[in-house]
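Construct all of the structure, not just a fragment, from the sequences and the given hints.
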Amino acid sequence: AQSVTQLDSHVSVSEGTPVLLRCNYSSSYSPSLFWYVQHPNKGLQLLLKYTSAATLVKGINGFEAEFKKSETSFHLTKPSAHMSDAAEYFCVVSDRTSYDKVIFGPGTSLSVIP
Amino acid sequence: GAVVSQHPSWVICKSGTSVKIECRSLDFQATTMFWYRQFPKQSLMLMATSNEGSKATYEQGVEKDKFLINHASLTLSTLTVTSAHPEDSSFYICSARRRPGLGGADTQYFGPGTRLTVL
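Protein chains in written order, with the numbering used here: chain A, 1 to 114; chain B, 1 to 119.
Any given hint could turn out to be false.
[Stated by the list, open to error] Straight-line C-alpha distance at most 25 Å; calculated DSS-like pairs for lysine-lysine:
#1 LYS101/A x LYS69/A
#2 LYS101/A x LYS41/B
#3 LYS101/A x LYS49/A
#4 LYS101/A x LYS42/A
#5 LYS58/A x LYS42/A
#6 LYS55/B x LYS101/A
#7 LYS55/B x LYS20/B
#8 LYS68/A x LYS101/A
#9 LYS49/A x LYS41/B
#10 LYS20/B x LYS64/B
#11 LYS20/B x LYS66/B
#12 LYS101/A x LYS66/B
#13 LYS42/A x LYS14/B
#14 LYS42/A x LYS41/B
#15 LYS64/B x LYS101/A
#16 LYS66/B x LYS14/B
#17 LYS68/A x LYS49/A
#18 LYS68/A x LYS58/A
#19 LYS20/B x LYS42/A
#20 LYS55/B x LYS66/B
#21 LYS14/B x LYS64/B
#22 LYS101/A x LYS58/A
#23 LYS69/A x LYS58/A
#24 LYS49/A x LYS69/A
Note that these hints are calculated values from the structure, not bench results.
Note that the coordinates shown come from a computational prediction; the quantities given were computed from them, not determined experimentally.
Right, here's the structure in full:
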């Protein structure tokens, strides 16, 4: 069985400070992991994904995430928050053997304070 | 590449009417499309998975006669909410996955969503 936990439902940071959004997963199989961002009343945009290559994954808009198998984590980071980063972020796990089985985390709302 | 569109972006309808939402993959062939429902401040809930040319697979608790899904081509899937009622008001999002064997087949690309309001 697969599951995704996003430890913080809401994170607030000041503009220019680092961002850390936490994600832990459980999977019976080798997982693929994704981070998506959703701005209000918009669809989801793919930030980055981990499939089976490098454990440190760089995405768009300066975001990156590190896959740590020993900790079953895939935390999302950014060195310096921008006002435009304020949005909802979803961590997603899928079974690499069957990409139709996709599990969404509950989401983390990121606020950026000027 | 990997752009998915939805139409309409928002719709208001009267109770008892039916509403059709289109999901198109604009620059790739999508053998599999997914339909999600999202309530305010909540995560996405998968409603059904549709494969081109075959019947959709519905998640437990989703009424297949209420939410009709058709995946007639490799670039188009439609969701029809039949006899809509106020409780069907929600944000509906589709996603599409490339044909297996091609790059990016592991990734779902999402449409911008459709806001349905039933009066």
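To see whether the hints hold, each was checked on the structure:
1. LYS101/A x LYS69/A: Measuring from Cα to Cα gives roughly 20 Å; hence the hint holds.
2. LYS101/A x LYS41/B: Given pair LYS101/A, LYS41/B holds - Cα atoms ~23 Å apart, limit 25 Å.
3. LYS101/A x LYS49/A: Within the cut-off at roughly 16 Å; holds.
4. LYS101/A x LYS42/A: 23 Å, holds
5. LYS58/A x LYS42/A: 23 Å, holds
6. LYS55/B x LYS101/A: Given pair LYS55/B, LYS101/A holds - Cα atoms ~17 Å apart, limit 25 Å.
7. LYS55/B x LYS20/B: Satisfied, since the Cα-Cα distance of roughly 17 Å is no more than 25 Å.
8. LYS68/A x LYS101/A: Holds: LYS68/A and LYS101/A sit about 21 Å apart, inside 25 Å.
9. LYS49/A x LYS41/B: 23 Å, holds
10. LYS20/B x LYS64/B: Holds: LYS20/B and LYS64/B sit about 14 Å apart, inside 25 Å.
11. LYS20/B x LYS66/B: 12 Å, holds
12. LYS101/A x LYS66/B: 23 Å, holds
13. LYS42/A x LYS14/B: Distance ~24 Å between LYS42/A and LYS14/B Cα, so the pair holds.
14. LYS42/A x LYS41/B: Holds. LYS42/A to LYS41/B sits at ~13 Å (cutoff 25 Å).
15. LYS64/B x LYS101/A: Satisfied, since the Cα-Cα distance of roughly 19 Å is no more than 25 Å.
16. LYS66/B x LYS14/B: At roughly 16 Å apart (the allowed maximum being 25 Å), LYS14/B and LYS66/B satisfy the hint.
17. LYS68/A x LYS49/A: 14 Å, holds
18. LYS68/A x LYS58/A: 15 Å, holds
19. LYS20/B x LYS42/A: 19 Å, holds
20. LYS55/B x LYS66/B: 15 Å, holds
21. LYS14/B x LYS64/B: 21 Å, holds
22. LYS101/A x LYS58/A: 24 Å, holds
23. LYS69/A x LYS58/A: Roughly 17 Å between the alpha carbons, so the hint for LYS69/A and LYS58/A holds.
24. LYS49/A x LYS69/A: The given pair, whose Cα atoms are some 15 Å apart, holds under the 25 Å limit.
Of the numbered hints stated above, none is contradicted by the structure.
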